[in-house]
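**Q** Spelled out from the first residue to the last, the chains are:
Number of protein chains: 2
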Amino acid sequence: MIQELTTYFGHIFEDALLHEINQVGTFKEVSEGSTLIEIGQYIKSMPLLVTGVIKVLREDSHGDELLLYFLENGDTCAMTLSCCMGQTKSEVRAIAETDSKLVMIPVQKMEEWLAQYKSWRNYVLETYHSRLNELLETVDSIAFLKMDERLLKYLHDKTRVTNDRIIHNTHQEIAYDLHTSRVVVSRLLKKLENMGKLELHRSHITMVTH
Amino acid sequence: MIQELTTYFGHIFEDALLHEINQVGTFKEVSEGSTLIEIGQYIKSMPLLVTGVIKVLREDSHGDELLLYFLENGDTCAMTLSCCMGQTKSEVRAIAETDSKLVMIPVQKMEEWLAQYKSWRNYVLETYHSRLNELLETVDSIAFLKMDERLLKYLHDKTRVTNDRIIHNTHQEIAYDLHTSRVVVSRLLKKLENMGKLELHRSHITMVTH
DNA sequence: CCTAGGAAGTAACAATGGTTACATTGCCAT
DNA sequence: ATGGCAATGTAACCATTGTTACTTCCTAGG
Numbered sequence: 001m002i003q004e005l006t007t008y009f010g011h012i013f014e015d016a017l018l019h020e021i022n023q024v025g026t027f028k029e030v031s032e033g034s035t036l037i038e039i040g041q042y043i044k045s046m047p048l049l050v051t052g053v054i055k056v057l058r059e060d061s062h063g064d065e066l067l068l069y070f071l072e073n074g075d076t077c078a079m080t081l082s083c084c085m086g087q088t089k090s091e092v093r094a095i096a097e098t099d100s101k102l103v104m105i106p107v108q109k110m111e112e113w114l115a116q117y118k119s120w121r122n123y124v125l126e127t128y129h130s131r132l133n134e135l136l137e138t139v140d141s142i143a144f145l146k147m148d149e150r151l152l153k154y155l156h157d158k159t160r161v162t163n164d165r166i167i168h169n170t171h172q173e174i175a176y177d178l179h180t181s182r183v184v185v186s187r188l189l190k191k192l193e194n195m196g197k198l199e200l201h202r203s204h205i206t207m208v209t210h
Numbered sequence: 001m002i003q004e005l006t007t008y009f010g011h012i013f014e015d016a017l018l019h020e021i022n023q024v025g026t027f028k029e030v031s032e033g034s035t036l037i038e039i040g041q042y043i044k045s046m047p048l049l050v051t052g053v054i055k056v057l058r059e060d061s062h063g064d065e066l067l068l069y070f071l072e073n074g075d076t077c078a079m080t081l082s083c084c085m086g087q088t089k090s091e092v093r094a095i096a097e098t099d100s101k102l103v104m105i106p107v108q109k110m111e112e113w114l115a116q117y118k119s120w121r122n123y124v125l126e127t128y129h130s131r132l133n134e135l136l137e138t139v140d141s142i143a144f145l146k147m148d149e150r151l152l153k154y155l156h157d158k159t160r161v162t163n164d165r166i167i168h169n170t171h172q173e174i175a176y177d178l179h180t181s182r183v184v185v186s187r188l189l190k191k192l193e194n195m196g197k198l199e200l201h202r203s204h205i206t207m208v209t210h
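Chains as they are written, first to last, in the numbering used here: chain Z, 1 to 210; chain C, 1 to 210.
A couple of the hints might just be wrong.
Chain copies aren't distinguished; within one or between two, either way the pair holds.
Restricting the straight-line Cα-Cα distance to at most 16 Å, the calculated cross-link-like pairs of lysine to aspartate or glutamate (EDC-like) are [said to hold, decoys possible]:
1) 89 - 134
2) 153 - 177
3) 146 - 60
4) 109 - 60
5) 89 - 126
6) 118 - 148
7) 101 - 29
8) 28 - 140
9) 55 - 38
10) 44 - 4
11) 197 - 149
12) 101 - 75
13) 153 - 134
14) 190 - 149
15) 153 - 193
16) 55 - 134
17) 55 - 65
18) 153 - 20
These are calculated hints, taken from the structure and not from any lab test.
With the hints as extra help, turn the sequences into a complete structure.
**A** Listed below in structure tokens is the structure:
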């Protein structure tokens, strides 16, 4: 396990901390679609994302979803961090967008390390910083963009995190993430196709490189 | 100054830290409407809010605004925290909603204190935690509520933070905060008045207690 | 090869919110 | 008291998004 740890976190953490993580952390592989964190759940251990993509969702009062942001290599979920520290329930759902590898850290270690390791403090603060900024970007999208622009941004974000210009999702799945209806997504996708920004196929979309 | 510090922060910080804050902090009074932090600005010192209310805003590409949340006694701006640590520009604007008293802390002290004081670490983490949750609530409002519900929530939030069921704002000012137009606000306020939830007057609104 | 069911296309309509334009009202300063 | 201006009321219209109700198309599994 130390191998993948040093590869992905070696430039972030001190050696002593890497060793501790190696000691107390649990390696975990999850496959696409599996739920890592559920709303209302107490968090017993914090996930560091080694490889893969995780999507973080919010749920409304009817059980409908809204994508907040994607997590990539080296990221961790600030909401989770937040829950761990405060011993509160999770306010979000986290789902593996692709097959992913994680290192799970027991909660009690986290506070110790905050006092002990400067690199851990920086990592935690940096995590909060980027997650706040990502949430701000999410607010921008929802508040300031029209649905067609949000859709296009969503598709671009998706190609970026998966590093694949083919998006393997149905219109219904996209509609869930954007908190709208399948018909609206189909309508706007067709418009974007006519504008030459993408190609529509059954169960997948190919983004046109610009 | 130590007087107001102990009153409002005595239960949060250790004595030694309170003394340090007293040493290095600068007391500052600002009046309603003054801008504390501007978008794009680098932060040289971090404000602790002693008394008053601060509103935190986001701006779109046309310069139009959107209220993110209010800060109250004992709060600080997580976005600012975040900027201090990362030496990045502010992504938000902060404006005094009422006359307010602040203690300004030089940035370089903050990192020292993180290593040194457990109460400071807890405060910083707690701040991030609540700000993240407030941003999530903002996302909920924008994404899941219709404009009339958002408006009512806004008015209730406002009465809560100012502890005054009379809201001293014009429809235009409310429209700016909600990122909509004055006509829409007037229309919906009139609807809410007909529903018996509030009374409209010139330049102020009285909320009906339910 | 055929068929059932999921996925996508599309039309028609409703609801919400944004925009323009103008009328009315209250209030302050002179 | 009154003229002027900011604040509010309101109507009419438009654009966007949501909804319903179909049809058509594709593909996996028999």
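**Q** Could you run down the list of hints and mark each one as holding or not?
**A** Consistency of the hints with the structure:
In this homomeric assembly, residue 89 and residue 134 come within 16 Å of each other (Cα to Cα) only across copies, at 15 Å, whereas the closest approach inside a single copy is 21 Å. Taking the closest pair of Cα atoms, residue 153 and residue 177 come within 16 Å of each other only inside a single copy of the chain (12 Å); across copies the shortest separation is 25 Å, beyond that limit. In the homo-oligomer, the alpha carbons of residue 146 and residue 60 lie at most 16 Å apart only across protomers (13 Å), although the nearest pairing inside one protomer, at 20 Å, exceeds that limit. Neither within a single protomer nor between protomers do residue 109 and residue 60 lie at most 16 Å apart by alpha-carbon distance, with minima of 33 Å and 41 Å respectively.
For the identical chains of this complex, residue 89 and residue 126 are inter-copy neighbours only, at 14 Å across copies versus 22 Å inside a copy, given an alpha-carbon limit of 16 Å. In the homo-oligomer, the alpha carbons of residue 118 and residue 148 never lie at most 16 Å apart, since the shortest distance is 44 Å inside one protomer and 47 Å across protomers. Proximity of residue 101 to residue 29 under the C-alpha cut-off of 16 Å is restricted to the intra-copy arrangement: shortest distance 5 Å within a copy versus 50 Å between copies. Taking CA atoms no more than 16 Å apart as the test, residue 28 paired with residue 140 passes in neither setting, with 34 Å inside one copy and 32 Å between copies.
With identical chains, the CA atoms of residue 55 and residue 38 are at most 16 Å apart within one copy only, with a shortest distance of 12 Å there and 32 Å across copies. Taking the closest pair of Cα atoms, residue 44 and residue 4 never come within 16 Å of each other, the shortest separation being 23 Å inside a single copy and 38 Å across copies. Proximity of residue 197 to residue 149 under the C-alpha cut-off of 16 Å is restricted to the intra-copy arrangement: shortest distance 12 Å within a copy versus 36 Å between copies. Proximity of residue 101 and residue 75 under a CA criterion of 16 Å is satisfied intra-copy only: 12 Å inside one chain copy versus 37 Å between copies.
For a Cα distance limit of 16 Å, the shortest separation of residue 153 from residue 134 inside one copy, 13 Å, qualifies, whereas the shortest one across copies, 24 Å, does not. For the identical chains of this complex, residue 190 and residue 149 are intra-copy neighbours only, at 13 Å inside a copy versus 32 Å across copies, given an alpha-carbon limit of 16 Å. With identical chains, the CA atoms of residue 153 and residue 193 are at most 16 Å apart within one copy only, with a shortest distance of 15 Å there and 39 Å across copies. Taking the shortest Cα distances, residue 55 and residue 134 sit within 16 Å of each other inside one copy (12 Å), while across copies they are farther apart (20 Å).
In this assembly of identical chains, the alpha carbons of residue 55 and residue 65 lie at most 16 Å apart only when taken from the same copy (12 Å versus 28 Å across copies). For the homomeric pair residue 153 and residue 20, neither the shortest alpha-carbon distance inside one copy (39 Å) nor that between copies (47 Å) is at most 16 Å.
The structure fails to meet hints 4, 6, 8, 10 and 18 from the earlier list, while all remaining hints are met.
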